Amino acid sequence: MTIKLTRGSYALPGTTLGYKTGTWRTQRPEHRHSSAPCHTACPAGEDPQAWLALLDEGKPREAWELLVSVNPMPAITGRVCPHPCESGCNRGQYDEPLAIHSVERFLGDEAIAKDWTYPVTAPPVQAPHVAVIGAGPAGLTAAYHLLRQGLQVTVFDKLAEAGGTLFTIPDYRMPREIVRAEIGRLLATGIVFKPNHELGRDLHLRELQQDYAAVFLAPGAMKSTEWNVDGVTPNDLHDGLHLLKRWSDVASLPEMKSAAVIGGGNTAIDIARILKRNGVDTHIVIHSSLPDPDNPAADDMRAIPREIQQALEEGVRIHDHHGVKRLILRGEKLSGIEIVRMRKLPDNKGRLHRVAFEGTESILHVDQVIPAIGQKIDPTGMERLLTGSSHFKVSERGQLAGNGNLYAGGDAIEGNGGTVTEAVGNGRVAAEAIAAALRQEKLPAITAPEPISFESLNMEYFEPARREEQDILPVQERVGEAEIEHGLSPLQAAHEANRCFACGNCLRCDNCWTLCPDSAVLKTQELASDGSFYVFDYDYCKGCGLCAIECPTGYIAIASE
Amino acid sequence: MSTDKQTITTDSLVKLRKNQPRFEGIESGHRACLGCGEALAARLVTEAAGPDVMIANATGCLEIFTTPWPESAWRLPWMHSLFENTGAIAAGMEAALKAQGKPTKVLAFGGDGGTFDIGFQALSGMLERGHNVLYVCFDNEAYMNTGIQRSSSTPHAAMTTTSPPGSDRMGKRHLKKDILSIVAAHHIPYAATTSVAYPSDLRKKIRRAMEIEGPTFIQIHSPCPLGWGHDGEYSIKVARLAVQTGLFPIIELERQEMIGSMPIRHPRPVTDYLGLQQRFRHLFNKDDARAVEELAHIQALADHNIKHYDLRGDGMDRLDSDGADTVRRGGMRWA
Numbered sequence: 069m070t071i072k073l074t075r076g077s078y079a080l081p082g083t084t085l086g087y088k089t090g091t092w093r094t095q096r097p098e099h100r101h102s103s104a105p106c107h108t109a110c111p112a113g114e115d116p117q118a119w120l121a122l123l124d125e126g127k128p129r130e131a132w133e134l135l136v137s138v139n140p141m142p143a144i145t146g147r148v149c150p151h152p153c154e155s156g157c158n159r160g161q162y163d164e165p166l167a168i169h170s171v172e173r174f175l176g177d178e179a180i181a182k183d184w185t186y187p188v189t190a191p192p193v194q195a196p197h198v199a200v201i202g203a204g205p206a207g208l209t210a211a212y213h214l215l216r217q218g219l220q221v222t223v224f225d226k227l228a229e230a231g232g233t234l235f236t237i238p239d240y241r242m243p244r245e246i247v248r249a250e251i252g253r254l255l256a257t258g259i260v261f262k263p264n265h266e267l268g269r270d271l272h273l274r275e276l277q278q279d280y281a282a283v284f285l286a287p288g289a290m291k292s293t294e295w296n297v298d299g300v301t302p303n304d305l306h307d308g309l310h311l312l313k314r315w316s317d318v319a320s321l322p323e324m325k326s327a328a329v330i331g332g333g334n335t336a337i338d339i340a341r342i343l344k345r346n347g348v349d350t351h352i353v354i355h356s357s358l359p360d361p362d363n364p365a366a367d368d369m370r371a372i373p374r375e376i377q378q379a380l381e382e383g384v385r386i387h388d389h390h391g392v393k394r395l396i397l398r399g400e401k402l403s404g405i406e407i408v409r410m411r412k413l414p415d416n417k418g419r420l421h422r423v424a425f426e427g428t429e430s431i432l433h434v435d436q437v438i439p440a441i442g443q444k445i446d447p448t449g450m451e452r453l454l455t456g457s458s459h460f461k462v463s464e465r466g467q468l469a470g471n472g473n474l475y476a477g478g479d480a481i482e483g484n485g486g487t488v489t490e491a492v493g494n495g496r497v498a499a500e501a502i503a504a505a506l507r508q509e510k511l512p513a514i515t516a517p518e519p520i521s522f523e524s525l526n527m528e529y530f531e532p533a534r535r536e537e538q539d540i541l542p543v544q545e546r547v548g549e550a551e552i553e554h555g556l557s558p559l560q561a562a563h564e565a566n567r568c569f570a571c572g573n574c575l576r577c578d579n580c581w582t583l584c585p586d587s588a589v590l591k592t593q594e595l596a597s598d599g600s601f602y603v604f605d606y607d608y609c610k611g612c613g614l615c616a617i618e619c620p621t622g623y624i625a626i627a628s629e
Numbered sequence: 158m159s160t161d162k163q164t165i166t167t168d169s170l171v172k173l174r175k176n177q178p179r180f181e182g183i184e185s186g187h188r189a190c191l192g193c194g195e196a197l198a199a200r201l202v203t204e205a206a207g208p209d210v211m212i213a214n215a216t217g218c219l220e221i222f223t224t225p226w227p228e229s230a231w232r233l234p235w236m237h238s239l240f241e242n243t244g245a246i247a248a249g250m251e252a253a254l255k256a257q258g259k260p261t262k263v264l265a266f267g268g269d270g271g272t273f274d275i276g277f278q279a280l281s282g283m284l285e286r287g288h289n290v291l292y293v294c295f296d297n298e299a300y301m302n303t304g305i306q307r308s309s310s311t312p313h314a315a316m317t318t319t320s321p322p323g324s325d326r327m328g329k330r331h332l333k334k335d336i337l338s339i340v341a342a343h344h345i346p347y348a349a350t351t352s353v354a355y356p357s358d359l360r361k362k363i364r365r366a367m368e369i370e371g372p373t374f375i376q377i378h379s380p381c382p383l384g385w386g387h388d389g390e391y392s393i394k395v396a397r398l399a400v401q402t403g404l405f406p407i408i409e410l411e412r413q414e415m416i417g418s419m420p421i422r423h424p425r426p427v428t429d430y431l432g433l434q435q436r437f438r439h440l441f442n443k444d445d446a447r448a449v450e451e452l453a454h455i456q457a458l459a460d461h462n463i464k465h466y467d468l469r470g471d472g473m474d475r476l477d478s479d480g481a482d483t484v485r486r487g488g489m490r491w492a
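Taken in sequence, the protein lines are chains A and B.
The numbering used here applies: residue 69 is where the first sequence begins, and numbers increase by one.
The numbering used here applies: residue 158 is where the second sequence begins, and numbers increase by one.
If we strip away everything but chain A, and leave its shape as in the complex, we get:
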């Protein structure tokens, strides 16, 4: 159609929209979702940036629901997890990493305070039934996820109360009322809990395997590794785990003025700090080294660095690179130990072994020596699964080799670092594997996605912002059971959520929409199908790539055509 304008001139009606500049393009922008480093680092499998995003949008409850769709005990892990997510956080290369663990704890505490219900629906009555042995972090997480997968589940524990190893963590860092509150709410989602059921006494593995569609074993590692020095022990020897349990159950400790704790794991640190709080002059003797946060090494003590730091602040003396050479006994009572400097050194074949250096011996005058050198499974009732090994060997999805419907997780499996968060991750992964096996589906191999790098982000669009730290009791007030770290306020939690870079995900910041010289980025009202709030109009996109360079979060990639 032509329109007569004036004599001698005419024009076709229409805008340049009729001309598709997209035909010029040799490359195209695409939304590319990458895993944030906090996600790939989390042993439980959480995607913190995703729930931080919801919190940043002012939706704490939705944030919590997303969090517990992976990890059902955020109030607990928010307190005790060594938070590798924060070590991975890209923001650490800009100013300071996000205080992810503090926000996790905040959400967990909010859920308890406001009684938010877990996103679980009751399984159908004819659903297959799975048995879980052990009501610790791994067992309870598995039970919760089995329920979420539409299966019925019964959890057995030999103790009267659910919680397992969580009750050996001292109150000052993991208050038992929080453990009880979170686990109580978790059990109330529909998990059948049978306390006082001990494997080998009340239950038998073969019967369980016959009566239930699958069995998840999470007995923990609640037996101390034996310890002696050249076959000698004092007659009143107490190991660290035993003392922690005793303190937890009846709040009493044997009479002592000074003690040497042997070992550098969390049990050693926990019992040392409890002893110190009870006025005992406490030493830790450990052949590995104190961690240097700037220079982590393979030989570092295994305990969480933050806990080691707090123990030192509280006056626990740590003799790193030392070993016990001799017990000094008076009769069968201890009066001291002889310690010696040691190092791990390679021999001629390059194998590392410990060397004690002659002439570096010294005496520690202590009246108790408390070994905390490792824990293993109590094999009662599971002897046939543990021939020749102290821990279960399982596949990456938690299946016990050669044992059909048996799965295991938590401290009882080989290769775990002994953290609650790893146990949570084991429980979830195994639950998914069990559900898939019962549906006769095959799960793909677990792949570890490459996290998006700091260099892929555009720092021009962010501002430095101070990390919110939890208030911590000053050393002189850390005397009783009182929790030493306080939670974040809602405002502080919101501030932290706002600091998140949303690495590899759409921040909905409008940058691409604002900066496209060709108006080829369109904003959507609802979430677009690919998880962003924008779509590319390839009819007009010339493929300049400006949006990809200027995307703050590395969410836009350029693909050649």
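Please note: incorrect hints may appear among the correct ones.
Heads up, simulated DSS-like pairs for lysine-lysine below, C-alpha to C-alpha not over 30 Å straight-line [said to hold, decoys possible]:
no.	chain 1	residue 1	chain 2	residue 2
1	B	Lys361	B	Lys259
2	A	Lys444	A	Lys313
3	A	Lys291	A	Lys262
4	A	Lys88	B	Lys394
5	B	Lys175	A	Lys88
6	A	Lys313	A	Lys344
7	A	Lys461	A	Lys401
8	A	Lys591	B	Lys361
9	A	Lys88	B	Lys172
10	A	Lys344	A	Lys417
11	B	Lys443	A	Lys591
12	A	Lys393	A	Lys444
13	B	Lys361	B	Lys464
14	A	Lys262	A	Lys313
15	B	Lys175	A	Lys591
16	A	Lys591	B	Lys464
17	B	Lys259	B	Lys333
18	A	Lys313	A	Lys325
19	A	Lys291	A	Lys325
20	B	Lys443	B	Lys394
21	B	Lys464	B	Lys443
Keep in mind the hints are simulated off the structure, nothing from the lab.
Small disclaimer: the values here were computed from a predicted structure and weren't measured.
Since the structure of chain A is already known, use the hints to place chain B on it.
Quick look at chain B alone, frame taken from chain A:
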């Protein structure tokens, strides 16, 4: 890492385009080059100015790429003027609207050639007569439309087709004209510089000028990937560095008095800016003493700007050269 393919139909894209939550005076389909700073700047201006405007547009890239006959990318009343008479045309439009009692604001658009050089007389007359026109100069520092010839806006030592570096010269011999001071010397109510790298600043200044009754002038630094010799994807990065080095000061003048500036938080060395652009590549020959001297000269020009306009920031400022482009979840920054 997974690439998410969008699943949206052409029909719903068309519908979506019609329902964008902003006013766009320029449609897609215009023929600007990839990563064109001027196309972006012009769209941002129309977005902030709104639909109740009329435009007089000098000859130049913007005029060419928006109106390939018989189409137009403009969704506003728009008139093509000559290179030299945009000021006069805009003044006439304003006078006609005034006579009809219509409140529609007249905008005049020109490139640096049409503003600094060829249309300068008409601009000066328009300013002197006090017409209620907002004159926007899209400054890409050369005659890009006709093949990258030097203008009086081309910065010192830049290579253009008419200021090639060689045995006698290291690019343009002369300095960039200080058009803002000249314009402000007409004692107009408002004259300001801004940059496409800071859309919030740009839109804020357009809105401010729109509210003023009388002649106002805004100079927008708009990279030209072809003329400056950088990839289109770096247009914003280059524009931002021009500000962060101090080579393009972001300032506001009212009746010749400086009333505001964008502080520079961490001044960057000019080589960060120059090194991204082919038009300055002859300055990076370390064996040529003239190149070394010119780099020092350009750094001195930047330092002079920072001192003269007092641009050095005092700590962290929300609206300084690092803070003014901060993003937030939900797009809160682009006011």
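The hints, checked one at a time:
Between the alpha carbons of B/Lys361 and B/Lys259 the distance comes to roughly 24 Å, so the proposed pair stays at or under 30 Å and holds. The straight-line distance between the Cα atoms of A/Lys444 and A/Lys313 is roughly 15 Å, inside the 30 Å bound, and the hint therefore holds. Between A/Lys291 and A/Lys262 the CA atoms are separated by roughly 22 Å; this keeps the pair inside 30 Å, and the hint holds. With a C-alpha separation of about 27 Å, the suggested pairing of A/Lys88 with B/Lys394 holds against the 30 Å cut-off.
At roughly 17 Å between alpha-carbon atoms, B/Lys175 and A/Lys88 fall within 30 Å of each other, so this suggested pair holds. Among the hinted pairs, A/Lys313 with A/Lys344 is consistent with the structure: their alpha-carbon atoms are about 17 Å apart, no more than 30 Å. For the hint pairing A/Lys461 with A/Lys401, the CA-to-CA distance comes to about 40 Å; that exceeds 30 Å, so the pair is violated. Only pairs whose Cα atoms come within 30 Å are accepted, and A/Lys591 paired with B/Lys361 is accepted, the gap being roughly 22 Å.
Between A/Lys88 and B/Lys172 the alpha-carbon distance is near 17 Å, which keeps this suggested pair within the 30 Å criterion. Only pairs whose Cα atoms come within 30 Å are accepted, and A/Lys344 paired with A/Lys417 is rejected, the gap being roughly 43 Å. Restraint check for B/Lys443 and A/Lys591: not satisfied, since their Cα atoms lie roughly 47 Å apart, outside the 30 Å limit. As the CA atoms of A/Lys393 and A/Lys444 are separated by approximately 25 Å, the hinted pair is consistent with the 30 Å bound.
For the proposed pair B/Lys361 and B/Lys464, the alpha carbon gap of about 25 Å is at most 30 Å, so the pair holds. Taking the CA atoms of A/Lys262 and A/Lys313, the gap is near 21 Å; set against the 30 Å cutoff, the hint holds. Simply put, B/Lys175 and A/Lys591 have alpha-carbon atoms about 11 Å apart, close enough for the 30 Å limit, and the pair holds. Restraint check for A/Lys591 and B/Lys464: the C-alpha separation of about 42 Å exceeds 30 Å, so the hint is violated.
Among the hinted pairs, B/Lys259 with B/Lys333 is inconsistent with the structure: their alpha-carbon atoms are about 39 Å apart, more than 30 Å. Annotation: proposed proximity of A/Lys313 to A/Lys325 holds, straight-line Cα distance about 20 Å (limit 30 Å). Proximity of A/Lys291 to A/Lys325 is assessed by CA-CA distance (about 26 Å); at most 30 Å being required, the pair is judged to hold. Of the supplied pair hints, the one linking B/Lys443 and B/Lys394 holds, its CA atoms being roughly 25 Å apart against a limit of 30 Å.
The suggested pairing of B/Lys464 with B/Lys443 holds, with an alpha-carbon distance near 28 Å, which does not exceed 30 Å.
Comparing the model with each earlier hint shows violations of hints 7, 10, 11, 16 and 17; every other hint is respected.
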